[in-house]
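Dock chain B against chain A, hints included.
Protein sequence lines, in the order shown, are assigned to chains A and B. Residue 65 in this note's numbering sits at position 65 of the first sequence; the count goes up by one each step and never skips. Convert by adding 1000 to the 1-based position in the second sequence; the result is the number in this note's numbering.
Treat the hints with care, since some could be wrong.
With a cut-off of at most 35 Å between alpha-carbon atoms, the simulated DSBU-like pairs for lysine-lysine come out as follows [stated by the list, open to error]: (1) A:K408 to B:K1161; (2) B:K1391 to B:K1364; (3) A:K398 to B:K1317; (4) B:K1410 to A:K377; (5) B:K1161 to A:K369; (6) B:K1397 to B:K1409; (7) B:K1364 to B:K1317; (8) A:K443 to A:K408.
Since the hints were derived computationally from the structure, they do not count as laboratory data.
Listed below, chain by chain, are the residues.
There are 2 protein chains.
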Amino acid sequence: MDLKTQKMYEAFFALEDLREILRQTSPDHRFNDEQQKDFDGVLDRINSIIDEIRSNKGNYNLKYISKNIEIRDKEECFINIGPIQAGGRLTNEARKAVIAYGDGYSVCDQCLSPFRLDYLKKPPVGEFCEEVAGFLGMDVARVVRGARNGFQIVTNALLDKGDIALVSSAAHYSVCLAIESVGAIWKEIPLNESNVVTEIETAEKIEAVKEKEGVLPKLIAISHFDYLFANEHDVQGIAKVCKEYEIPFLYNGAYTVGIMPVNGKKIGADFVVGSGHKSMASPAPSGILATTDEFKDTVFSTTALQGDITKRKFGVKETYLLGCTVMGAPLIGMMASFPTVKERVKNWDEEVKKSNFFIDELLKIEGSKVVSEMPRKHTLTKVDTTDSFDKIAGTHKKKGYFFTSELKKKGIVGIFPGATREFKLNVYGLSWDKIRYLADSFKDIARKYELDVK
Amino acid sequence: MDLKTQKMYEAFFALEDLREILRQTSPDHRFNDEQQKDFDGVLDRINSIIDEIRSNKGNYNLKYISKNIEIRDKEECFINIGPIQAGGRLTNEARKAVIAYGDGYSVCDQCLSPFRLDYLKKPPVGEFCEEVAGFLGMDVARVVRGARNGFQIVTNALLDKGDIALVSSAAHYSVCLAIESVGAIWKEIPLNESNVVTEIETAEKIEAVKEKEGVLPKLIAISHFDYLFANEHDVQGIAKVCKEYEIPFLYNGAYTVGIMPVNGKKIGADFVVGSGHKSMASPAPSGILATTDEFKDTVFSTTALQGDITKRKFGVKETYLLGCTVMGAPLIGMMASFPTVKERVKNWDEEVKKSNFFIDELLKIEGSKVVSEMPRKHTLTKVDTTDSFDKIAGTHKKKGYFFTSELKKKGIVGIFPGATREFKLNVYGLSWDKIRYLADSFKDIARKYELDVK
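If we strip away everything but chain A, and leave its shape as in the complex, we get (with noise of 0.2 Å):
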């Protein structure tokens, strides 16, 4: 860690100290001595670090922030470009937010009847909520724990025990986990010859299924851009021929909300699911699931049961999403992210030339090859160097392992520790600097282990 960021991470503690002391000290800030003795040491020292970072001299005292955790430097120090982490770097302002709003129920300060988050107007997650439906194209939007509650949220309102619901050869185990969990079963739709779910493979399995099961697929979930090659899935022809069959189809944007532009209607999706997390530049554990005003009911329906003794009833409180979700840092982050994530899908375009010059560059290296489509659509890509790094490998004291030595060295993290055949890469965010930087990064330790570069 270099001394700048162990420093900001020092003043930022010191400044959690003086915090504690303004807590222990509420409502009035009335000092006894040991309290100012300490209130006034904390601001020295703050100046004293202040200090050291402008002269950029000073001790490493810092590694640890509680037993065993360490401090975290993987976007201050390095490069990142870890294939899950890339779309839900915290911006600036969710930072920000996160520090006020860390504490337990801290949003429901102002929580009043009906009583249930998307009618919060301070903060204003009503509206949040309001916006996301909007910027989706669907009707109405709530925020879920995750891509995968949404899944869950979904599969529990509309899959019974042994009903079928389809996804891709590619899906996530996430989604397949949130059908199995209400005992209903999943069947995949076969990927074509370039690693693509289209309506025509959709269509044979639902025509497959009915004819071997006798029923229909009660749900079709398929990524957009799939975790396993980023590649692009035809959702728009997929959901026609889910609403020929008059099946609902989930749009699965974990890869895409946040980071392209999301249009569910156009799409033609009954439920649009994001993640905070993957790609909103949100906290985890958090998600959208967003639907139409033919489902909302069905996804969002309010308890129906009724105290027998009591005779209690719950009101307003969303069955499927146990009432409240994301109470907390992960839905204050997201929405403090939001106003920069609309604008960034903007930028799609640009991100994936940028994504493209640097495969580009990579397939320089004698050897190496993409795994997924090309040219790329995304910034996800999944290369194979088995004939380039890999070759290292087999002759390198440290195996695999000298690849991602290599990157360390020069800044990069993010891919799999050893990995040097198949690996995933996702260079969202970065800028045309760090592009170049990263490139030539690669391409640098080709040539050093005497790889033929172009």
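What follows is chain B alone, placed relative to chain A:
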């Protein structure tokens, strides 16, 4: 907001601006002229802010974090006696951890095979889960997305459509929704004349269900202390009855786990559910679900299905948990708070003593009553001031709001706005000084409005 708190936030936010520059210039932080200027500017700004804090002089410039999201001062500038917030207030360590691990998947940096949250060594999530299990006297524990997600995992695993589960007549809506969400039905065990559920009412209700429905309930879920009165229910006796009927017993520790000692096996619980944001000093949404060796394979069962085309299986992923649960800030906050939480439960008697002291003082105000059982065994209490403060509200031009307004002037927040009849408050974690100040404040307000104070 007082100046110190205001300036504290300004310093935090300036540090985030500095961090943003570090992020944009990673990995080497070689600044161009403009970046250097910005960086120096932030350092200057922090120095000025520290000067302002020191001299307690300066302007109030900061109100919003991001569009419409206000900075929050409930813990720094007030004594917060909100009924649900006290146990979820972050520790200093948790606040530091959240700063370091706010980014989406930040805890996943070192996720290695078999790729499951509770296998993580860095940060030590696995160790944490084991410690939580031990702390609760149970065999195995997992982090979940709030207590309600803990209920949901159990109801998903144990209940089928139409099954009956028993809850208390004072049960929180979230446990009822968790039951309803799987198509099961909740029925209520009545409170006795002391507003408490004991083994007697439980056994009678089981028999009544058996008699009327011809089946036994499949689950009994009872709060140790309920949310309505924070009365203590006879969980040990109830557990005994459950054992006799071989009905699984879920101990709802939303108001106990993390603030008082809880030993699930001694109680006889099959499941212990705790809430991170309610009682474990963690950001929302977070919670824990602990169980025994007998039930672990049922509730934490791993996925059994397989892709019909790809033959994929998802190995160790736990179906009802949907794989990994809380990947971010709430998890790291919970972990960072845990050493403090383990210690603080030992002070529960003192917390209850403070609670009783405050309540006794409140009762000195003519006409004031307590709805909860007495003496208090908890820090959360429902009081009834219909014959004291509500009499003032009847003629005051602000109506009930006079009371919250008077309290606010004294730096006390958390009581439901406008409430002067029955309302709840929670004094958990307040120092004796604050407790005395709180009691004096209530009495001062009473005297101001000419209520008799003994």
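Now the hints, each set against the structure:
1. A:K408 to B:K1161: With a Cα-Cα distance of about 53 Å, the restraint between K408 of chain A and K1161 of chain B is violated, given a limit of 35 Å.
2. B:K1391 to B:K1364: 16 Å, holds
3. A:K398 to B:K1317: 31 Å, holds
4. B:K1410 to A:K377: Given pair K1410 of chain B, K377 of chain A is violated - Cα atoms ~59 Å apart, limit 35 Å.
5. B:K1161 to A:K369: Cα-Cα ~51 Å, so violated.
6. B:K1397 to B:K1409: Given pair K1397 of chain B, K1409 of chain B holds - Cα atoms ~17 Å apart, limit 35 Å.
7. B:K1364 to B:K1317: Violated, at about 57 Å.
8. A:K443 to A:K408: At roughly 14 Å apart (the allowed maximum being 35 Å), K408 of chain A and K443 of chain A satisfy the hint.
Comparing the model with each earlier hint shows violations of hints 1, 4, 5, 7; every other hint is respected.
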